[in-house]
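*Asks:* Offset between the sequence shown (1-based) and my numbering: plus 325.
Hints were generated in silico from the structure; no laboratory data involved. Keep in mind it's a predicted model, so treat the numbers as computed, not measured. Heads up, some of the hints might be wrong.
[Claimed, not checked] Below, simulated PhoX-like cross-link-like pairs (lysine-lysine); rule was C-alpha separation at most 25 Å, straight line: (1) Lys443 x Lys416; (2) Lys461 x Lys381; (3) Lys352 x Lys381; (4) Lys444 x Lys381; (5) Lys444 x Lys471; (6) Lys331 x Lys424; (7) Lys425 x Lys381; (8) Lys443 x Lys461; (9) Lys340 x Lys425; (10) Lys332 x Lys443; (11) Lys352 x Lys443; (12) Lys381 x Lys424; (13) Lys332 x Lys352; (14) Lys424 x Lys443; (15) Lys332 x Lys381; (16) Lys443 x Lys425; (17) Lys416 x Lys444; (18) Lys340 x Lys381; (19) Lys444 x Lys332; (20) Lys340 x Lys444; (21) Lys416 x Lys352; (22) Lys443 x Lys331; (23) Lys461 x Lys332; (24) Lys471 x Lys443; (25) Lys443 x Lys340; (26) Lys340 x Lys352; (27) Lys444 x Lys424; (28) Lys331 x Lys352; (29) Lys471 x Lys331; (30) Lys416 x Lys381.
[As the list claims (entries may be wrong)] Computed spacing ranges between beta-carbons, pair by pair: (31) Glu451 x Ser364: 23 to 29 Å; (32) Gly422 x Ala337: 37 to 43 Å; (33) Gly449 x Glu403: 22 to 28 Å; (34) Asn402 x Glu451: 38 to 44 Å; (35) Ala427 x Gln328: 24 to 30 Å.
Backbone N, C-alpha and C fix where the C-beta goes; we use that ideal spot for every residue, glycine too.
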Amino acid sequence: MYQILKKQTLNANTKLMVIEAPHVARKAEPGQFIILRVSAEGERIPLTIADFDREKGSVTIIFQEVGATTMALGALNEGDCLHDFVGPLGKASELEGLKKVAVVGGGLGCAIAYPQAKKLHEMGAEVDLIAGFRNKDIIILEDEMKNACT
Numbered sequence: 326m327y328q329i330l331k332k333q334t335l336n337a338n339t340k341l342m343v344i345e346a347p348h349v350a351r352k353a354e355p356g357q358f359i360i361l362r363v364s365a366e367g368e369r370i371p372l373t374i375a376d377f378d379r380e381k382g383s384v385t386i387i388f389q390e391v392g393a394t395t396m397a398l399g400a401l402n403e404g405d406c407l408h409d410f411v412g413p414l415g416k417a418s419e420l421e422g423l424k425k426v427a428v429v430g431g432g433l434g435c436a437i438a439y440p441q442a443k444k445l446h447e448m449g450a451e452v453d454l455i456a457g458f459r460n461k462d463i464i465i466l467e468d469e470m471k472n473a474c475t
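Make a model of the complete structure from these sequences and hints.
*Replies:* Next comes the structure, spelled out in structure tokens:
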């Protein structure tokens, strides 16, 4: 089982969760995703790895509550556990050798853009951010993205 270490409401229907998943965190790279199941009977859903901490063994996911499974996921609380949390899956983004980069994200797409911007910043690249949202009430990861940009 994979414990929810942190749950945060980012806006009306968008949640952030930090999940204890040391095997996933150890191998995660920007651009990858996980597949989770809330319960044994639940459907498998893919979600982007929005962040990870190898030392703490945790993986951050961000999702909108739009269907039955994401509503069930959003109803869980800190301390609750997920049935399955498989990953990292997919091909990591190729970021090596980039010196100056514009990272573009819109809405929930900032959950995909952030780990890439963060990694590029850590690698010494000059990172500019272009982010778009329908309105100010749905902005997510503003401080995190600012910290990843130069």
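*Asks:* Look at each hint and say if it fits the structure.
*Replies:* Verification of the hints:
Note on lysine 443 and lysine 416: the hinted pairing holds, with a Cα-Cα distance of about 18 Å set against a maximum of 25 Å. Under the criterion of a C-alpha separation no larger than 25 Å, the hint pairing lysine 461 with lysine 381 is inconsistent with the structure, at around 32 Å. With a CA separation close to 13 Å, the supplied pair lysine 352 and lysine 381 stays within the 25 Å bound. With a CA separation close to 17 Å, the supplied pair lysine 444 and lysine 381 stays within the 25 Å bound.
Taken as a hint, the lysine 444 and lysine 471 pair is honoured in the structure, with Cα atoms around 13 Å apart against an allowance of 25 Å. Taking the CA atoms of lysine 331 and lysine 424, the gap is near 34 Å; set against the 25 Å cutoff, the hint is violated. With a C-alpha separation of about 30 Å, the suggested pair lysine 425 and lysine 381 falls outside the 25 Å cut-off, and the hint is violated. About 23 Å separates the Cα atoms of lysine 443 and lysine 461, which keeps this hinted pair within 25 Å; it holds.
Between lysine 340 and lysine 425, the direct Cα distance comes to roughly 31 Å. Violation of the 25 Å bound is thereby established for this hinted pair. The suggested pairing of lysine 332 with lysine 443 holds, with an alpha-carbon distance near 21 Å, which does not exceed 25 Å. With a CA separation close to 16 Å, the supplied pair lysine 352 and lysine 443 stays within the 25 Å bound. Taking the CA atoms of lysine 381 and lysine 424, the gap is near 29 Å; set against the 25 Å cutoff, the hint is violated.
With a CA separation close to 23 Å, the supplied pair lysine 332 and lysine 352 stays within the 25 Å bound. Between lysine 424 and lysine 443, the direct Cα distance comes to roughly 13 Å. Compliance with the 25 Å bound is thereby established for this hinted pair. Among the hinted pairs, lysine 332 with lysine 381 is consistent with the structure: their alpha-carbon atoms are about 16 Å apart, no more than 25 Å. Pair hint lysine 443 plus lysine 425 holds up; C-alpha atoms about 13 Å apart against a cutoff of 25 Å.
Distance restraint check for lysine 416 and lysine 444: the Cα-Cα separation of roughly 15 Å lies within the 25 Å cut-off, and the hinted pair is therefore satisfied. With a C-alpha separation of about 21 Å, the suggested pair lysine 340 and lysine 381 falls inside the 25 Å cut-off, and the hint holds. Simply put, lysine 444 and lysine 332 have alpha-carbon atoms about 24 Å apart, close enough for the 25 Å limit, and the pair holds. For the given pair, lysine 340 sits about 23 Å from lysine 444 by alpha-carbon distance, which is consistent with the 25 Å threshold.
As the CA atoms of lysine 416 and lysine 352 are separated by approximately 12 Å, the hinted pair is consistent with the 25 Å bound. For the hint linking lysine 443 to lysine 331, the alpha-carbon distance of about 20 Å falls within 25 Å, and the restraint holds. The hinted pair formed by lysine 461 and lysine 332 meets the criterion: a straight-line CA distance of about 21 Å does not exceed 25 Å. Our distance criterion of 25 Å between C-alpha atoms is met by lysine 471 and lysine 443, whose separation comes to about 10 Å.
For the suggested pair lysine 443 and lysine 340, the alpha carbons sit about 20 Å apart, so the restraint of at most 25 Å is met. For the hint pairing lysine 340 with lysine 352, the CA-to-CA distance comes to about 24 Å; that is within 25 Å, so the pair holds. Under the criterion of a C-alpha separation no larger than 25 Å, the hint pairing lysine 444 with lysine 424 is consistent with the structure, at around 12 Å. Between the alpha carbons of lysine 331 and lysine 352 the distance comes to roughly 21 Å, so the proposed pair stays at or under 25 Å and holds.
Distance check on the hinted pair: lysine 471 and lysine 331 sit about 22 Å apart at the alpha-carbon level, within 25 Å; holds. Pair hint lysine 416 plus lysine 381 holds up; C-alpha atoms about 23 Å apart against a cutoff of 25 Å. Taking the beta carbon of each, glutamate 451 and serine 364 are about 45 Å apart, not inside 23 to 29 Å as hinted. Checking the proposed 37 to 43 Å range against glycine 422 and alanine 337 shows it holds: the Cβ atoms sit about 40 Å from each other.
A hinted range of 22 to 28 Å for the beta carbons of glycine 449 and glutamate 403 is inconsistent with their spacing of about 35 Å. Restraint check, asparagine 402 to glutamate 451: a C-beta distance of roughly 40 Å satisfies the suggested window 38 to 44 Å. At about 37 Å, the beta-carbon gap between alanine 427 and glutamine 328 misses the expected band of 24 to 30 Å.
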